[in-house]
Structures are given as C-alpha cells and as structure tokens.
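Let's have the full structure, built from the sequences with the hints guiding it.
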Amino acid sequence: MALRDFLGEFEQIVLLALIRLGDSAYGVPVRQDIEERTGRAVSVGALYSTLDRLEEKRFIRSRFSDARPERGGRSRRYFKVEAAGMRALERTRAALAAMWEGVEIRGN
Amino acid sequence: MPRKPPFPALLLLRFWLSNASYEAIAGDLCEEYQAGDHSAGWFWRQVFSTLRVHWRPAPDWNDIRPAARRENLLSSCLRDIAYSARGLARAPGFTLVAIAAIALGVGANTGIFTLLNALALRPLPVEDGARIVTPYQSIEGLKTRNIRGSPDLFSYPEYQQYRQATQSLAGLAAYVPFVESALTGKRSGLVTGELVTCNYFSVLGRPPGIGRAFTESECRRSGASAVVLSDAAWRSKFGADPSIVGETITLNRHAFTVVGVGPSGFAGTFLLAADFWTPLSSQPALLPQVDWHDSNLSWLCLLGRLNPGVSASQAQAELQIVAHRIDTSQPGRRTTLRADVASLVSEPRVRKNLLYGSTVLMAGVSLILLIACANGANLLLARGAHRSRELAIRLSLGASRGRIVRQLLTESLLLSVAGGVVGVLMAHITFGGFFTWMGAHLPSSIPPLAIDLSIDWRIWTYGFLVSVATGVVFGILPALESTKLDIASGVKDEFRGSGRRTRRVLRSVLVGGQVAVSLILCVAAGLLGRGLIAAQHMDPGFTTKNVVAASLDLRRDGYTPSRAAVFYDELINRLQSENSLQAVSLAWTAPLAGGRFNNVASVEGRTERMQVSFNEVAPSFFRLLNIPIVRGRAFLDSETDENHPVMVVSESTARRLWPGADPIGKWVRLENRSTLWRVVGVAKDVYTSSLMDREDIFLYRTLDRNEINMSIVVRGHAPERALRTAIHALDPRLYFEIKTIDQYADTWRFPGRMLTIFSAALGILGLLIASRGASAAVTKIMSKLLFGVSPLDPLTFAATSLLLVLAAAVASYAPPGARRESIR
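Read top to bottom, the protein sequences are chains F and A. All residue numbers for the first sequence refer to the numbering used here, where the first residue is 2 and numbers rise by one. All residue numbers for the second sequence refer to the numbering used here, where the first residue is 2 and numbers rise by one.
Hints in this document: simulated from the structure, not taken from any laboratory. Backbone N, C-alpha and C fix where the C-beta goes; we use that ideal spot for every residue, glycine too. Treat the hints with care, as some may be off.
Claimed, not checked - Ranges of calculated distance between the beta carbons of each label pair, as one might list FRET restraints:
no., chain 1, residue 1, chain 2, residue 2, range
1, A, R91, F, G74, 30 to 38 Å
2, A, R46, F, V104, 31 to 39 Å
3, F, G74, A, V469, 29 to 37 Å
4, F, G74, A, R46, 22 to 30 Å
5, F, E57, A, L426, 44 to 52 Å
Okay, structure coming up:
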C-alpha cells in the first residue's frame, strides 16, 4: 500500500466538509464549516492549496459555475468528492482506528 | 450598499495567482467580504496568507505542472517576474551591485539624452506645444540676401504673405531672437530680448502673467513703444516690483512703457533666454542695422499653431505653395520650405549638427554602458555557477532550456529596468546639478540658456529602451552559458564550485574588456586634461597682462559715421594723455573677442581667389600687444585710415600666399573693391581672434573710418578705470562693458574645460564600475602567486583602482607628440 493512499489531517477535514455540504460545496461554506466545527481559523490560501492537491490526486473534482455579482462577477468553484476520495477517507479512518486500538492517553 | 474590497489587495492576488486560482479565491474573498462579517484587515490578512501559501513550495515551477501549460503568456510572464523578484530579494548584495552598475551606465546615457531632448525634441514650453510648428525656408538662386542670424529665416513681407495665405494654421507669429540692448536708468546692464509680432503671445497661448500683451496701435507705432518684461528679468532686475506696469524703462536710449510681465517660467522661444519682448516695429530703436520692411532680409523666425486635425506635413505642403508664389515674383529664386514641430533648436541645419554632435557624445557615454553590461554579465555568470544545482534540477524535471533561459532573461531584465529607473533619476539629479553649476560658471559673454531639463515621457521611454537593451545584452550570454549543463553531474552536486572552462574564459574576457574600455576612457580624460592645462596656460603669442578692451556699440546709441570718428579721435587723445597708460589703440575687433572679417580676395601672383580673414587696426596695435614684426615694418603713425592702403600679414599667410618669395610689396585686392593693398610687413603668428584655431590667412589692414562700432584697447596700470573714466567723460549715457583680454580668452577655454570635466567624470565612472570586476581578476592572479588572498579583499580592491588611475595618469603625461597635436 503506497503512502499516498493515506490522508493528512487537514485533507481529511476538507474531504469531510465537502461530503457534508454536498452540492453546495464551494470555497466560502467549506471554509466557514471548518472554522465553526473545529474552532480554528482557516485561511483561503491554505484551503485552496489543499483542494488543489486533492484534485491533483484525483480524490475530488471541481467545476466552475455561475458568475455572481456579489463575487465581483466571478464564478464559484464547486467541489465534489470522487469515489477514490471516499475510499481514501475510509482507508485512513480504518488505519487510524487500527492504530488507536488498545492505546490510552493518560493525564488528559 | 455593496462593500468594495481593497483594490490593491486584489491586484496583488491577480499578480501572484494563475487565472483559475484567482477566479475562485478572489471570488470567495469578495463574497464573504460583501456579506459584511469581516473587516478590511481580515481581507488583507487572507490575501497575505494566500500569498504565503502559494510562495511556500519555493520551486513553484509552473513549467513542470501540466496545469501551467494552459496558462496564458501574460500570467506566465508575471509569474516569471514574481519568481525572479523573490530570487533577487534573496540575494540583496548581488542585486544591489548589479543595479548600481547598470544605473551608472544607463544614467550617463540618459543624461546626454536629456540634453538632446531639451534642445531638439521637447516642444516649446507653451500651451499645447506639440501643435506649434516652425517653418524655415532655404533659398537658392539669389545673388544677394541680407542676413541677420541665419539665411533660412524670413523677411517681414514674406511673413505677411505666408500669414495671409495659410489655411492650415490657426495663427502665425514671427519673432527676432537675441536682440541685445542696453538697459539704462535705475537699473543698467546688457539685456537680451525678442522683437515679436502682435500675435506672438496669443499664438503661443501664454499671455503675460501681469498686465497685458501688445495692442495693435503699439505694434504699428514705429520706434520705441511698449515692452513686456520676462518673469525672470522682472524678478532679477526690477526686484519683482508689483507696480512695474505703466513704468518707463530705457532701452538703447529709447523710452519704452512696460505693459506686462511674461508668464512665469517662460523665457521666450529661443535657446538663449529673453529678458523682454517688444513689437517688431521697435526695430529702428533696438536693431538699427536692419530695416524691417526690407523684403530681402532674413531675420524672422516663424511659429505657427496648427488648426485642429492638420498635421505638420500638411501645413508644410500648404506653405510650400506660398513659397512658390513668392519665387515667381523674383526670377531665379527657388525656395524649399520646411515646417517641423518647434523645439528650442529647430533650425534644420543646426538641428542636424546637434544630432551628429550628440551621437558622438553618446558613443563616448555608451562605453560606460558597455562596461556596465560586461559587469552585469560577469555578476550573472558568477551567480549562474552558484545556482547550477538548482538549474540542473529544473532541467532534469523536464523544464525546457528555452523556458529557463526566458526565466533567467526575465531576471536580468528586471535588474536592468530597476537599474534604469535608478539611473534616470540619478541622471536627472546629477545633470541638473551639473547644468546649474555650469550656468553659474559660464563666461560673462555667454547669456543664460533657456533649457528645461526636467524628466518627461521621452526620457522615460529612452531610459526604458536602453535598460531593456542592456538587460538583454548582459543577460543572454550568461543565460545560455548557465543552462548548458550536464544534468547528471549537476544534480549530484559534483561540479559545484568548479566552473567550466568556457565560463572561466568568458568571465576573463568580460573583465579584460571592462578594464580595457575604462583605460581608454581614463587615457582620453587624461589627455584632455593635459590639453586643458596647456590651454589654460596657453600663450596666445602676444601680451595680455594689464590689457583691457571695450567694444563700443555706438550705432545702438544713434551715432553717425562722422560723429563716431570724432568720438574715437577724442577718446584716443584723452587716453594718450593718461600717464598710467602705456599704450592705446583702436581696432575693429578686440583681440580674442572672436570677431573677424571674412572676405574673398585676389592676390598678386595667384590666379585663384582666396578666402581671407582680417582685422582693421590702428598703427599702435602691434606695439601695444607686443606682436613682433619679423620682416618689413608695422604701420607708420600716419597710416591711420583707408587713404593708406597698407597691410601687415602673418608669417604663415606669407608662406601660404607667396611661398619662397618676398611678401613685401605684394598686393592684395579685396572682393568688390578696386584698391590694391600693399604688404609692408610680416607679423609673427599669433592667436588673434580665437584660441581655438589660427586662421590660415590673416591680414591686418588700416582702419576704415566709416566704421561706427569699434573696440578700444589699452595697456597700463589700472587700465580699466582710466578707460571707463575717459568714455564716461565723453558720453555719460553710453552703455559699454570693459573686459580684460584674459576674460575674452576664458570664453575659448570654457568648452575645453567643460569637455575635460565631463570626460574625467566619465573616466572615473568607468573605473568605478570596472574596478570591482578588475580587482576580482587581479585577486585571482595574485592568489595563484600568493596563497590566502580572498576575493574582494579591500587592499586588493584599492590597489587595483590605484593601478588603473596610475596608468591613466602616465598615459596622459607621456606622449609629448600627442600633446602638441592637441594644442596646434
């Protein structure tokens, strides 16, 4: 199993946000969803660099849609998780679960 | 109310990101910002964090990502620029040195161009100056033509014909440049003005700042009438007196009423600044030697404003038709008319000479640029060696060589354009200072110039083009050389620090070239300096100590020939009775004052007619100046006028005209005269009219007592005071200036002095740039002989510079032959 089949932490977070948002997954709600749920600030730049990486790995795909006035006439880039992305998420969760088995962190 | 996101932040993003990324990221940021939950500070933070993220994968080489190939050329160029800027920012030492070298080179070049621009390219400083054309006519086939200034100028009747006929010009004005006039009264001095037609200020669109322009009746009244002072003259000569309008000033003993003060910063439409303007009709008072109704007199410069939609060439074609019409009224006359956009120097033949002259200067200055290029190339080569590993990796990852060459060229262009901007600004500051300084050191005989050296779009364009050319020239070789890599060894880091042979040779050639060129510059500067020292101490061949001269313009003061003759006789008598004076003499032009008669003459024993120069002098002239008579005799004391047609010739003249024969007793006949002038003596060769050159054929003849304007020359103790007192006693209202012969000589020494300072500055500049590269080379040689000398060792650096200066000094001292050449 190649190393690239596992996902990094932020990659998992982004993929999960995309799945939750479904058809309305584009930059703004994705960023806000992650900020709300994790309570940590996410910059657009960081988000898109991860999105680009995931797309390069063919875990997600994106399309540009309607140009909108509130975006200064720019279009939205919607993202959709591919089957490969789903599999990667599952693999990573399974791997993490396997690794967590029998591990207790004390002092917390 | 939609909120507008900060535009510069968006611009930054646009500059940094690919099209697709920009669309999504900028769109998201705008959408969230519009919603109103965030501040502008949040927007900026987001933008900067985006920039940082997109920075971080430092080898962000778009050439190796498939997505990049879809990007358009512009955005990939922008990325190249951004990438280069980051690379240069990481090597500030290299960047600063390279920018400085290029700035010096481009700056020197732009400086010369600034001057050329001010003289021949920049439109006149008037309203919409690019729409002002200046016609000139070149006339062939006329037997005679009276000329004041240039033969290509117009007479008043010609001007009227052109003005009445033209449809393409909204207005046509005429002016007579450089009319010198004596201002007397409360403030006195020699002032320079322009005689203008009534519409001068309205055609130029620069009405007087205070008061008004001339009225029709003032323009018709012959003789003295109204005057408009220039803003500068009003401030310097009249203390910016606010109640000046309505006052009377005296010019050439004629009363003129001040009706206005010119617009501020406006000094006329000629190279030499004007202090005042009067109507053309005041010619009898201010320019008595000509007649303004003379239809065969070249004296008017024309300025026309183009009608909307008309080009200069259309106006020229139209005026040419008028010129043909004038030709038909004068048999044999053929007039060719030119009308170009007006600049300070717009007379076609003068402009041509100026362009030639500045080409020569530019060539000299380009040597500096060449040194700067070689220097920049050298720096880039050194840097190329340093980053060969990076380049090797990029090549091995699939980047094409062309793509990397383009990237490297972008880097050198970025450097050169940055250097260019610094250079243009530097040139503006230093050349501006230089000209102010030069203006303050001008000999008093040269009036102030009206040139405007400020930066305009032409200068920026020129500086930009020169910078880009520089960037390509110094960037292309290193770029090609650096990308000629053996990828395997490059990646394996095997050859780092072991520069290849060709690169070493290339670098040596570049360093050698720089040293050679700067040596040439230094030697030239040294030789010129040597010539200058010689010229400063140059002996014109006659006595200049305690000799002063006054050039009197009695015609300006309304003297007739007979009254002038009486005046001169009385003046001579008065001065001869002064005990403090050793000698007094009269001449048409004072020695070294630059004047001389030129004429064609027939000469005994020769069939062809000869071009001769001469001066008219009184008998005491040779004695006063101690010009030795080597053969025959000087004029006898009785030979004071044309009734005694005798001449003294210079030694070289005698050799030229009558080789091997005795010149005494030979005759010379001047063109259009019947008198045969007999040679009675031969004088030693001296520099009589200028220090620049000595006339081939120079004659001294007896005085023409019909001359109104003469120069009086005296030698003795405190000669100036005695001369001033004597002239004042005879005519207290006469305006005149007294100068020592050394002051006259300074006029001739001035251009050489400027040239020397200029070339010395160039030499030092070249040295400055080259010595950095040269000292590295010397270090290399030395480190082969003595171990442990580090490159850029301060001692070596100093030693190399000293060596170059020494070489220049030796070169300038050594060849006595060359020195003689430069003087004779």
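Here is how each hint holds up against the structure:
no.	hint	verdict
1	R91(A) to G74(F): 30 to 38 Å	holds, 37 Å
2	R46(A) to V104(F): 31 to 39 Å	holds, 38 Å
3	G74(F) to V469(A): 29 to 37 Å	holds, 35 Å
4	G74(F) to R46(A): 22 to 30 Å	holds, 24 Å
5	E57(F) to L426(A): 44 to 52 Å	holds, 46 Å
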